[in-house]
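The opening residue of the sequence shown carries number 381 in our numbering; numbering runs sequentially from there.
Keep in mind that the hints were calculated from the coordinates and are not lab data.
Remember, predicted model here, so these are calculated numbers, not experimental data.
A couple of the hints might just be wrong.
Listed below are the simulated BS3-like cross-link pairs for lysine-lysine, each with C-alpha atoms no more than 25 Å apart in a straight line [what the hints assert, rightly or not]:
hint : residue 1 : residue 2
1    : K667      : K655
2    : K746      : K598
3    : K615      : K630
4    : K615      : K689
5    : K667      : K513
6    : K667      : K650
7    : K615      : K696
8    : K708      : K667
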Amino acid sequence: MIIRILEKKYVFLFILTILLLQSTFGMPVAAKTSEKPKLIFADAGWDSIRVHNEIAAAIIENGYGYKTDVLTGSSPIVIKGLRQGDIDICMEAWTDNIIDVYQPGIVKGGILELSVNYDDNAQGLYVPTYVIKGDKERGIEPSAPGLKSIKDLPKFWQVFKDPDNPSQGRIYGAPPNWVADEILRTKMETYDLQEEYDYFNPGSDTSLNTSIVSAYEKGEPWVGYYWDPTWITGKYDLTLLEDEPYAQEKWEAGYACEFPGVKVTVAVNKAMVEKAPDVVAFLKNYKTSTKLNSEFLAYMQEHGADMDKTVDWFFKEYEDLWTSWVPKEVANQVKATLGTEQDQSKIDINKFPEAISIKLGIYVEKLVDWLTEHFQGFFDWLATGVKWIVTWIRSILSFIPWFIFIILIFLLGWKMVHWKAGLGYALMTFIIGALGLWNEMILTLSIVLTGVIISIIIGIPIGIYMAYNNKVEAFMKPLLDGAQTMPSFVYLIPAMIFFGLGTVPAVFSTIIYSMPPCIRLTNLGIRRVPTEMREAAYSYGSSTWQVLTKVELPQAMSTIMAGINQTTMAAMSMVVISSMIGAKGLGENVLIAINRTDIAMGFDSGISIVFLAIIIDRITQRISNSQENN
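Make a model of the complete structure from these sequences and hints.
Written out as structure tokens, the structure reads:
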């Protein structure tokens, strides 16, 4: 009875506390539920669409009373979501670049095109202006002073040497899911550029951006596909290479002219007409320009402003423009909401995390910039070494005839597991080749083996040192925890900055991601060696090195091999992800298939990766088990 009374007392005190907080801090006790549906915006990954999303969302939420959210994905994915109804609004659909998924949605009625956001844009092959004119302030001499047009590129291929193939230049192409990719590949043939240049697939628009930023900050030559408006063109001085003036007949004859302006539209799912007719009416009036887009993107970069500040700046600077999109009463409602000054004497508990914002990433970014500035020579040296190892392994694997390779896989499986397993592994390898993915498999294996070899060379000594020193173990454990739990995509960013795009950054990101299991299990294996065995070895006069090599390592070998197995599988998974930064192989095919929503290509590439992973896993597991039995 007493307990019940006390419980009621505490409940009363809790309610009283909530009421006091509400009156003091303005914290709402309950939120009113809205009958209006939540509207989902498409985020295709670049800043301009995100700014448009925020502008439109601010008007829709404050002026029309809807809640909004965002769904992120590549251009084809979000357009497919728009067509299916998973996404309601796309503020920036580059229609010509996604015509394969956009046009069917228009024709079949899933997508409704409301307005043209802007169509005064440009795209084509760009170079940093310092390549042509130099940059006195940065001490950069012009490396291609006579370069004006695309047709001049063959004369300057040595300026843009491909790091992976120095006998050719490198042209960075469009992401594989864009129509611009097909256009540029055809243009390469039309202008006979394929003889002097390798057309490099950047994997994604993010990787393409990083390649430009990395080259520009280092003052290095760069040539490749890009478009306007972006924050890149707003921040960096780039020159669009000249081409023949656009003409329909030239365009149809191998794209032998400049890109026509792309219609960038505002599109919605057809259900929006019934779901939110007032929002549809607003979006029909939504229109900006390339100049305006470049302006607010440059504002973001130059002032270090976040999205909210950029949007606030837009509403203040371009009030006449956005108020023309909506009825007067809606405009007044938006202005009243945006212009309301908060009472600084009260703290809104709901916004507490925003009020105390700690951005650790800024310091990491500064560290990366400092390392790039002061140790670029060292990174270039590392890149050269890794490139040599990958090339050497790939040359050996490519030299082996396919039928000999399959026989070797069979023999290895027979020796390590069973003849039936060897037959199965050989069949899997044969199927990969029959799917037309033999060369891709060799490239993938080259990167995996390089990453694993380097991980073993570095990881095992670190693991041994951890086993011998408790302080080192205490220091390393949080680092290993972070390395294993950090999203693998994060490793791609510094790898791209330090080493550009291609095979080398893929190897380094693979090493960082896959090394921790090797270190952990080496440490564990050494520590599990019985103390009596060590003491016996020392009592017979053995040195520390002899104890390590004759006693500890043999006893710990099964555990170490288990670590190598896990490292190998981690490398296998990471090398697929690394396709996003231009790594060739099976991962690239998977990425292309995802971006194009090509089920057949995705299955062929995916099953090949599965087969390769099974072969590697089973063989390395068997080696580990055999060591344990011994």
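State the violated hints by number, sorted upward, taking the hints as numbered earlier in the document. 3, 5
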